[in-house]
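Asks: For reference, the chains in residue letters:
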Amino acid sequence: MSTPLYSIPGAPVVAGAEATPAPAAAPAPEASAPRTVGEVLAETQAGRVLEELDRSLVGLAPVKGRIRDIAALLVIDKLRVSLGLRAESPSLHMCFTGNPGTGKTTVALRMAEILHRLGYVRKGHLVAVTRDDLVGQYIGHTAPKTREVLKKAMGGVLFIDEAYYLYRPENERDYGQEAIEILLQVMENQRDDLVVILAGYHDRMETFFRSNPGMRSRIAHHIDFPDYAPEDLLCIAERMLEQQHYRFGSGARAAFEEYLALRIRQPQFANARSVRNALDRARLRQASRLFAERDRALGADDLTTLSVADIRGSRVFAAAATAPL
Amino acid sequence: MMTNPTGRLTQGQFSFLPDLTDAEIALQVEYGLKRGYAWSVEYTDDPHPRNTYWEMYGMPMFDLKDAAGVLAELAECRKTFPDHYIRLMAFDSTRGVESVAMSFIVNRPKGEPGFGLARQEVNGRTLRYTVHSYATERPERERYRR
Ligand SMILES: Nc1ncnc2c1ncn2[C@@H]1O[C@H](COP(=O)(O)OP(=O)(O)O)[C@@H](O)[C@H]1O
Ligand SMILES: [Mg+2]
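Protein sequences, first through last, are from chains A and B.
Going by my numbering, the letters in the first sequence line up with residues 1 to 325, in that order.
Going by my numbering, the letters in the second sequence line up with residues 326 to 471, in that order.
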């Protein structure tokens, strides 16, 4: 039989097709296959992402430990594959539980990058959705909606925030169930194409899994995000300010510490997110303070420093002064 | 005269080549995605060359990052219309381009009877020619049934 004269990229190599000799420069796969954990980490640059995760996120020791464990599993799996020890590709769907602002979304982004570096997802992007993005309004609306989201997430990570809202036991004809079934199917059959991460409050997630055992059985890794200690929150605040080229003026750090102590006890406290919001409001107060001084020349120091007054202007202090403790 | 020597419809890219494998299709899709095209799946059982607009199978897929999404859609379409022509089209939405940049057939019926040339005599000895698809002699959905 004559060999074809055309060649399309990706065409399977026909045995004995000398017409298209393999480029001599291409090394044999065995020669470059990594043999040590260090080699895998260096070659894939996953080590760098792990270090970055350690460095840039405050606290979260248990979470970082779990992510290291998962990364270790994947690296060892890679080494096994390079020795020809094939195993079924590991299930990587995860569940992140914890209160708001504990860093679930942030860690999911890093996770996507680690999985990408190690070659477990092809593109490494993160598609973050909630119930409204998956579930439709009328019959026949849900399946195409869910499929569209899944298609966008392929090659990366699908992050479903507050996943338990997909299941509404009070309404047995709720369209959420349809979305769950499509998700389950794709999570099972297209493991190589995408990784699903569910996120939400711990207890509600538990309830959700109890009524959806199929979902629980497909999720290999459950990671719990603890609330931050006040020291961590203070440290997070300083990091955030640094990134935005601000800093605490003298006494402002102590004032913020006091602020945190009061804020933590209030309802709707959302960990690092509350810190970010508090700092945003402090910046607002700093701006209006400087704005009022029309004729003063403002130096870099003035523009970057949050004063005690900027922190103490918060409603939280006023409320604490009037409310009996 | 043989009007259909290969017994295959030749429209769009790659249509003179043997059918692309899914791996080859995926590479073409990746290429388009890298250039920012939006892929869509279309099908028909009326492949007349003047039938420019085929039926859309779902919406065009914007914001995809990976070929797997397009191939999943194609698999669905093949399941629904195994005996239809199916093609993938890549839309380039760049301002000023705004048109189809790639298009190729990814599914064919088992037998492709092709087209006949019909002659109509008008005004004395004048002839009008038109192309007629044999398949369309049968009703929709039954055209390529074995
Ligand atoms: N450990 C941390 N170190 C620094 N910043 C953090 C940390 N955890 C959370 N943040 C910040 O807090 C905000 C909320 O985090 P996010 O990941 O959205 O929380 P969740 O998804 O759990 O509600 C983000 O702006 C993020 O940058
Ligand atoms: Mg979040």
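Keep in mind that the hints are not guaranteed to be accurate.
[To be verified] Capping the alpha-carbon separation at 25 Å, the derived lysine to any residue pairs in SDA-like fashion look like this: (1) B:K404 to A:Q177; (2) B:K390 to A:E181; (3) A:K145 to B:T461; (4) A:K78 to A:Q177; (5) A:K145 to A:I182; (6) A:K145 to B:F406; (7) A:K123 to B:R470; (8) B:K435 to B:R470; (9) B:K390 to A:S274; (10) A:K64 to A:S274.
[Claimed, not checked] Simulated coverage check for chain B against chain A, where a stretch passes if three residues somewhere in it have a Cβ under 8 Å from a Cβ of chain A: (11) 375 to 386; (12) 411 to 421.
Everything labelled a hint here was simulated from the structure, so no lab data went into it.
For every residue, glycine included, the Cβ atom is placed at its ideal position computed from N, Cα and C.
Asks: Hints broken by the structure, by number, lowest first?
Replies: 3, 4, 7, 9, 12
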